[in-house]
Amino acid sequence: MIPAFTPEQDNFREEVCKLLCEDEVRAEIAQSRRTPYGQETGLLDVHRRLGKLGWLAINWPERYGGADATIVEKAILTEEMIRHGVPDNVHSLGVDIVGNAIHLFGTEEQKERFLPGLARGEITANVLFSEPDIGSDLASLTTRAEPDGDGWRLHGRKIYNMKAQHSDFALCAARTSTGPVNFAGITLFLVPLQSMGVVIEPVWNLSEERFDLVTLDGIRIGPEDVLGEADDGWQVLGKVLPLERTGLDHSAKAERTLAALREHAPPGCEQRLVELDTRVRAARLLAWRCVANLHEGRPDEVHSATAKWYTSETAKEVSVAAVEILGPRALLDARDPDAIADGVLDAAFREAPGLTLAQGSSEIMLFFVATSKLGLPS
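Residues 1 to 378, numbered by UniProt numbering, are exactly what the sequence shown covers, in order.
Some hints could be false.
To be verified - Heads up, simulated SDA-like pairs for lysine to any residue below, C-alpha to C-alpha not over 25 Å straight-line:
(1) K373 with T356
(2) K239 with S378
(3) K18 with R262
Calculated directly from the structure, the hints in this document are not laboratory data.
Start from the sequences and build out the full structure, keeping to the hints where you can.
Structure follows, in structure tokens:
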């Protein structure tokens with residue numbers, strides 16, 4: 001269910017919308033969507049403005065650049081940023097995933113070193129989890145961390161990483177020991193990306209933003225850059241990943257796509273629009289249920305997996321429906337003056353397949369629900 005918002009939270013949503021509707025913000029967002037292909041932006045001025053207000057990581061303590069608010073205010077900000085078309089991946093990766101991991105499991109020194117810059121929109125981070133040839137089976141990763149004095153040397157390749165070319169550092173999963181169980185012996189490292197021993201290469205794809213192939217060629221990591229305990233990375237990941245799987249970002253993207261489709265849909269497709277609207281509303285309810293669970297201190301991994309699966313599949317369905325209803329014109333991008341809805345529908349269509357893979361593929365989410373909740377054999 002969607003939580004009952006307080007008057008203060010309603011006012012906060014209005015303030016966020018007011019800022020995001022300013023002419024200069026709208027112009028910056030529009031310009032970011034018209035950059036030449038492969039030259040997408042990193043952090044924007046609007047991110048830094050949100051950071052200066054303490055909103056970018058509003059649920060963090062003030063000492064780390066936040067505003068001591070709750071996960072509800074953070075969810076409101078995320079929802080409105082996406083509804084208003086603010087590029088969100090650089091923010092969600094840096095703050096919602098890496099920043100939250102440091103906030104929850106980092107040492108005080110790590111928090112002081114990384115969190116204020118992330119919260120102010122001055123630096124950003126990404127994740128180095130996926131690897132070539134292992135698909136969604138993170139426990140089978142082969143990137144290794146070899147002991148080197150009191151630290152480690154990292155060797156391996158990470159793929160499908162977004163925004164690595166703009167990131168200052170990354171949260172990297174590597175194997176520090178081996179044993180009979182794959183998920184044992186994984187350690188999380190905070191890796192500086194603008195360093196010798198790190199090579200970042202583009203992996204071109206259909207979406208607005210490129211993926212990267214990151215090669216770690218013996219970069220040295222000290223003990224101060226281990227997040228959590230050595231060999232305990234799987235347990236940390238198990239607690240961090242559900243925090244990004246509320247599905248709220250996907251449901252907001254589905255809302256935005258549907259709004260553009262509804263505005264330009266021809267007569268005769270009202271029933272299809274009603275069906276899509278029902279799915280989008282259901283997706284938002286699932287997402288906000290996860291937010292409510294987190295707010296109440298009882299995160300539910302099964303609910304998170306369900307919401308992630310349903311919201312990402314819904315966003316995909318809406319984007320495909322837009323092309324089916326409007327035809328080839330829906331595939332003109334923002335750089336084309338004849339684009340429908342300023343290219344929103346085209347961008348959504350090209351991004352949609354990736355939504356069902358990122359944060360855990362739909363198949364893995366269904367497998368988790370089936371085995372963990374329904375008791376089906378693995």
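Cross-check of the supplied hints:
no.: 1; hint: K373 with T356; verdict: holds, 21 Å
no.: 2; hint: K239 with S378; verdict: holds, 21 Å
no.: 3; hint: K18 with R262; verdict: holds, 24 Å
Comparing the model with each earlier hint shows no violations; every hint is respected.
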